[in-house]
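Chemist: Protein chains in written order, with our numbering: chain A, 1 to 392; chain B, 1 to 426.
Calculated directly from the structure, the hints in this document are not laboratory data. Any given hint could turn out to be false.
[As the list claims (entries may be wrong)] As a list, the in silico BS3-like pairs of lysine-lysine whose alpha-carbon atoms are at most 30 angstroms apart: (1) B:K161 x A:K162; (2) B:K210 x B:K407; (3) B:K407 x B:K420; (4) B:K16 x B:K189; (5) A:K313 x B:K170; (6) B:K420 x B:K386; (7) B:K100 x A:K353; (8) A:K313 x B:K81; (9) B:K161 x A:K362; (10) B:K16 x B:K290; (11) A:K124 x B:K386; (12) A:K313 x B:K100.
The model shown is predicted, which means the values in this text are computed figures rather than measured ones.
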Amino acid sequence: MSGANLGPLLERAEALYRDYQLGSVKDWKATTGGKAVGFMPVYVPRELLAAQGVLPVGIMGGGEDLEIIRGDAYYQSYICHIPRSTIELGLNGSMDVLDGMIFPAICDVIRNLSGMWKLRFPDKLSRYLDVPQNFDDGIGGQFYRHELEQLSSDLEALGARKYDAEALREAITVYNENRRLIDGLYELRRDTPWKVPTSELYVVLRAGLVLPVEEFNEMLVAYRDAVQTDSSRKPMDQARVLVTGSFCEQPPLGLIKTLERSGCYIVDDDFVQVHRWIQGEISTEGDPLDSLVHAFLKDSIASPTRYIADEEKGRALLDRVAESKAEGVLFCAPSFCDPALLDQPMIVRAIEKHNVPWTAFKYAENNSQFQVIREQAGTFADSIKLWSGVDA
Amino acid sequence: MTQPTAMKDRSQLRQKQMIAEHYSRLAAAPDTGDKSAYTFVPGNLTELLRSFDLLPVLPEINALQSAMRGKSRDYISTAEKLGHSEDVCTYVKCDVGMMKSGNVGPTGERLPDPDLLLLSYTGCFTFMKWFEILREEYDCPVAMLHVPYQADGQITDNMRKYVVDQLRDKVIPELERVSGKAYDEDRLKEMLARSAQAEDDLVWVLESAKHRPSPIDAYFGGVYYIGPIFTAFRGTKDAVAYYRELREEVQQRIDAGLGPVTPEGDMGEERFRIVVEGPPNWTSFREFWKMFADEGAVSVSSTYTKVGGVYDMGFRHDPDHPLETMADYCLGCYTNLNLPSRVDMLVRYIEEFNADGLLINSIKSCNSFSAGQLMILREVENRTGKPGGFIESDLVDPRYFSAANIKNRLESYFQMIEQKRSGGTQ
Numbered sequence: 001m002s003g004a005n006l007g008p009l010l011e012r013a014e015a016l017y018r019d020y021q022l023g024s025v026k027d028w029k030a031t032t033g034g035k036a037v038g039f040m041p042v043y044v045p046r047e048l049l050a051a052q053g054v055l056p057v058g059i060m061g062g063g064e065d066l067e068i069i070r071g072d073a074y075y076q077s078y079i080c081h082i083p084r085s086t087i088e089l090g091l092n093g094s095m096d097v098l099d100g101m102i103f104p105a106i107c108d109v110i111r112n113l114s115g116m117w118k119l120r121f122p123d124k125l126s127r128y129l130d131v132p133q134n135f136d137d138g139i140g141g142q143f144y145r146h147e148l149e150q151l152s153s154d155l156e157a158l159g160a161r162k163y164d165a166e167a168l169r170e171a172i173t174v175y176n177e178n179r180r181l182i183d184g185l186y187e188l189r190r191d192t193p194w195k196v197p198t199s200e201l202y203v204v205l206r207a208g209l210v211l212p213v214e215e216f217n218e219m220l221v222a223y224r225d226a227v228q229t230d231s232s233r234k235p236m237d238q239a240r241v242l243v244t245g246s247f248c249e250q251p252p253l254g255l256i257k258t259l260e261r262s263g264c265y266i267v268d269d270d271f272v273q274v275h276r277w278i279q280g281e282i283s284t285e286g287d288p289l290d291s292l293v294h295a296f297l298k299d300s301i302a303s304p305t306r307y308i309a310d311e312e313k314g315r316a317l318l319d320r321v322a323e324s325k326a327e328g329v330l331f332c333a334p335s336f337c338d339p340a341l342l343d344q345p346m347i348v349r350a351i352e353k354h355n356v357p358w359t360a361f362k363y364a365e366n367n368s369q370f371q372v373i374r375e376q377a378g379t380f381a382d383s384i385k386l387w388s389g390v391d392a
Numbered sequence: 001m002t003q004p005t006a007m008k009d010r011s012q013l014r015q016k017q018m019i020a021e022h023y024s025r026l027a028a029a030p031d032t033g034d035k036s037a038y039t040f041v042p043g044n045l046t047e048l049l050r051s052f053d054l055l056p057v058l059p060e061i062n063a064l065q066s067a068m069r070g071k072s073r074d075y076i077s078t079a080e081k082l083g084h085s086e087d088v089c090t091y092v093k094c095d096v097g098m099m100k101s102g103n104v105g106p107t108g109e110r111l112p113d114p115d116l117l118l119l120s121y122t123g124c125f126t127f128m129k130w131f132e133i134l135r136e137e138y139d140c141p142v143a144m145l146h147v148p149y150q151a152d153g154q155i156t157d158n159m160r161k162y163v164v165d166q167l168r169d170k171v172i173p174e175l176e177r178v179s180g181k182a183y184d185e186d187r188l189k190e191m192l193a194r195s196a197q198a199e200d201d202l203v204w205v206l207e208s209a210k211h212r213p214s215p216i217d218a219y220f221g222g223v224y225y226i227g228p229i230f231t232a233f234r235g236t237k238d239a240v241a242y243y244r245e246l247r248e249e250v251q252q253r254i255d256a257g258l259g260p261v262t263p264e265g266d267m268g269e270e271r272f273r274i275v276v277e278g279p280p281n282w283t284s285f286r287e288f289w290k291m292f293a294d295e296g297a298v299s300v301s302s303t304y305t306k307v308g309g310v311y312d313m314g315f316r317h318d319p320d321h322p323l324e325t326m327a328d329y330c331l332g333c334y335t336n337l338n339l340p341s342r343v344d345m346l347v348r349y350i351e352e353f354n355a356d357g358l359l360i361n362s363i364k365s366c367n368s369f370s371a372g373q374l375m376i377l378r379e380v381e382n383r384t385g386k387p388g389g390f391i392e393s394d395l396v397d398p399r400y401f402s403a404a405n406i407k408n409r410l411e412s413y414f415q416m417i418e419q420k421r422s423g424g425t426q
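Next up, chain B with everything else stripped away, as it sits in the complex:
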């Protein structure tokens, strides 16, 4: 049976084109001489990389793209046959399997080997091991940026200085060596200024979900077309244009009283407003999204879209203090926040977005997110009086997506919200 085709907005077409061009440029890199740096989404230094004309390659994005194309099962199997444990992160195993299978990217073209591994160790211990594994495979330098954890819910001067020292004395000299170009702070500042400009529009779009009906889905839409462009393109003119266009489109939806775009087209009546914590499942992304849309459930805010930065909490890149602002950005990513801060943020989302409750999608692969989520659920329920729901799946391992089980749980959860409403507990 043919699946319905969703209408794509102008911004989504622009995004598609930007991503296609990026991957084409990567595929052509061995011929053009363009150099690439493999790096991670949280705490990424996109502006800095681009100021050296280095192209970012993001292994997590490759892994989730592989999952959406139905490739991850075989890639994970390849990695497990090589001795990688069934217990560990499937992003890593999917990436290893993809590399061992020819390193073919989402557009069907081979990705270049890295000229640099930029290990931004932010908010996830696995990143460190991941790049040790990649280092064994590639003959290229590694620049390590260790970002300390916000254990007490704040960024201290000591943390900031530690990150700035590493940027200045370790990362930038390595970028200079690999790119053959000198550090150009003025160019970096220009990019950071463009980032801040796009960040304003990004936050406006995210906050648009405070409207009823919400014109966006801040989880599925958030990871599908609102957030991703930010990581690899931050600091570019394209990113500024993209977010301006997206903002205009969302304004039009608000004016027209429309809900969010879904894979099946415009969503019908908005029945439930949910805050979602945790990454999505990528292997059955569309099916997963549809389970919400069919119930009239819209995510008005989510945390996974904040692993690339907590702009909605006020952070903006500051071009006047380039290294310090990059340090603050890295330190502030969602997975680098302690549990009390995460609880505070979720409570704030539920209150400010007038949500009906918190739903946690707990991911087997991701201890950084998952460890402690059951406690987060209870804390948020206690503080808001709103019901919490809990489902389990995995990032890119299709063996851990049980559609019937998740659907049952979601339906029960939505029923629970309705019961609460009819009981006058709203």
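For reference, chain A alone in the conformation it holds in the complex:
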């Protein structure tokens, strides 16, 4: 595929991203007769679902397009936006196509949403996926393995295929390929950010949340090939920034575009983090369920949702700053996001020790006015170009 073919690919990706009615999921179910189960941020082991013939569908809230009619009646003003838009999607029928929902352990709001789902949608599977904060194989590992076995049983009770180790190995293989492709695109963006605008990469990653992984992999390959051969994209004098804090409620696409237009190249981020939660390959040797468990315990990203036991707080972000050659950090967290906002002062302290410039602002997924952020990010980018001095 050449650069000229990027348009249709991105149009399709954006259409999938904006399709709250989950038309592609309906089509997939009609074609395959399989089950589809939604999941909230940040991470679920999609390999297990895929191995049992279930389509994992990422639900990242309602974004900037959805009008909230009933969702606000479920939440006080001081609670973040993603649960109210998710409830809205449930109540307006957009999620009827899903046979269930998985709510991973990320914060108290999403945790409580799992119970609200049980009360409001009693005929659907509503599964809270508890993940360990103890990372010893024999303690947290055993607990998590049992959680996964229970999840597998729940899927089977829903009508999914029975758990099969070989099928899980195959699913792990395909998702390993998925991680390689996404890592490759992140690397390409690090090296040549003008070729991979984040506003494009983001919609591709969002599209991947509603597609079978094999189809998503094809889209990633096509996108990579197209941007690599597109000679019309030239470097500009932009500041290289790492964006952090947006791992759950996603920023509106307009915000990402605003950051880019304000003079920033986003060279690393934590958007749609499910795709990169496991950092390396998951082993296909031995018991594949143990491999999933081991990968979670030992190879997960250092998210604010995880307890950082022995490592230096902020070290992982400093490593990412160094690896991505970021010249500054944008703390870009949703309003009222406990994990991001409680973490932020600690991370700020860590990066200030290394003279990494930073600035911070908040958003909600349905924001549509970005002038203030544009000015703030633009000033930040200008200051980096004038006085940069990172020594991470």
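Since the structure of chain A is already known, use the hints to place chain B on it.
Modeler: Okay, now just chain B, sitting in the frame of chain A:
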């Protein structure tokens, strides 16, 4: 104007003395060599800590004490100037501000730096971040106990085993290292037996609110003098004596046909019997309580008093299975229950305590409680037919306590109950 002074019962004087002695001992710790562990109220391991002669320090209690002494506004401001967001838990910010301002406790004496941070991560995600923040400030070990959530309304063997494994392999070895003492299971069992003894009396006191008039206020009184002693003193002989004394006093109130003690003295006629969900506001605690008492409203049951354990649902510490019983205790705390379980509990309270309705005090700071409360309100109303009321405030941030607004809402709510009564819907 001088506020009226409430008569204090014997038990309250005992409680005051126990708390004063505890803080004095903490203040003297740098000289005496006593060691302290900072830990949280929900899922606390008080008996285990005390079996190692470690003194518990509870940051939430320090924060609420700071609020009651009018210190929290400045402490929160200090934390926000250090970069802590206005959106997050004010308990955390109050604690950070207090620490940065010299770590002076409620008695005016400096609290010791912790020898251990015992992170019991039960029912509240913020706890985990809170101790990461404290860890940055103190050069001391951290023992982490992750307590899984009761998402399906039950404690499974897998959950229990996970907690027991952590207690045995992580927490106890750390307590041994910090205290320099070996784990003494017999001593722990003795303490757990004393806990169970006090728990019987605590539940008796809580259930006394089924009487008309209720001899206790299970929300304001519940958090002021019935529940708090339990957290830091569970397993001690003092706690057993305190609850026995309290029980006797409550029995005397029942015999005399008296209502609860309030800040203004004995309450007058009991007009409304309310179940309250959510934490109280601490910055205007007395004013808040008075708004209820003035209307003749008494809380006959509350959920905030159950974050330290759901003894009224049948749980008792079992000295014969020390680690398992501590695991079950941690897993059973109110904020570790899923929403359907919380709704069930509230419905049960309304029915068993013959309450007129449910009032939710929704706290800006506390997502663990607040997220989902509007749905809880509707569910409970639908299932009981009793009216629900909803007010908003904060734990320790005085900027979020609007007295006039809350008073208006409360008055409207009580009027609504009266209208329902006169409409024959009772």
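Chemist: It remains to establish, for every hint, whether it holds in the given structure.
Modeler: Hint check results:
With a C-alpha separation of about 27 angstroms, the suggested pairing of K161 of chain B with K162 of chain A holds against the 30 angstroms cut-off. At roughly 26 angstroms between alpha-carbon atoms, K210 of chain B and K407 of chain B fall within 30 angstroms of each other, so this suggested pair holds. Between K407 of chain B and K420 of chain B the CA atoms are separated by roughly 20 angstroms; this keeps the pair inside 30 angstroms, and the hint holds. A C-alpha spacing of about 27 angstroms is found between K16 of chain B and K189 of chain B, which places the hinted pair at or below 30 angstroms, so the restraint holds.
Taking the CA atoms of K313 of chain A and K170 of chain B, the gap is near 21 angstroms; set against the 30 angstroms cutoff, the hint holds. Simply put, K420 of chain B and K386 of chain B have alpha-carbon atoms about 9 angstroms apart, close enough for the 30 angstroms limit, and the pair holds. At most 30 angstroms may separate the alpha-carbon atoms for a hinted pair to count; K100 of chain B and K353 of chain A meet this at roughly 20 angstroms. Proximity of K313 of chain A to K81 of chain B is assessed by CA-CA distance (about 21 angstroms); at most 30 angstroms being required, the pair is judged to hold.
For the proposed pair K161 of chain B and K362 of chain A, the alpha carbon gap of about 40 angstroms is over 30 angstroms, so the pair is violated. Proposed proximity of K16 of chain B and K290 of chain B is supported: the alpha carbons are some 22 angstroms apart, at most 30 angstroms. This hinted pair checks out: K124 of chain A and K386 of chain B have alpha carbons roughly 29 angstroms apart, not beyond 30 angstroms. A distance of roughly 20 angstroms separates the Cα atoms of K313 of chain A and K100 of chain B; the hinted pair therefore holds under the 30 angstroms criterion.
The structure does not agree with numbered hint 9 stated previously, though it agrees with all others.
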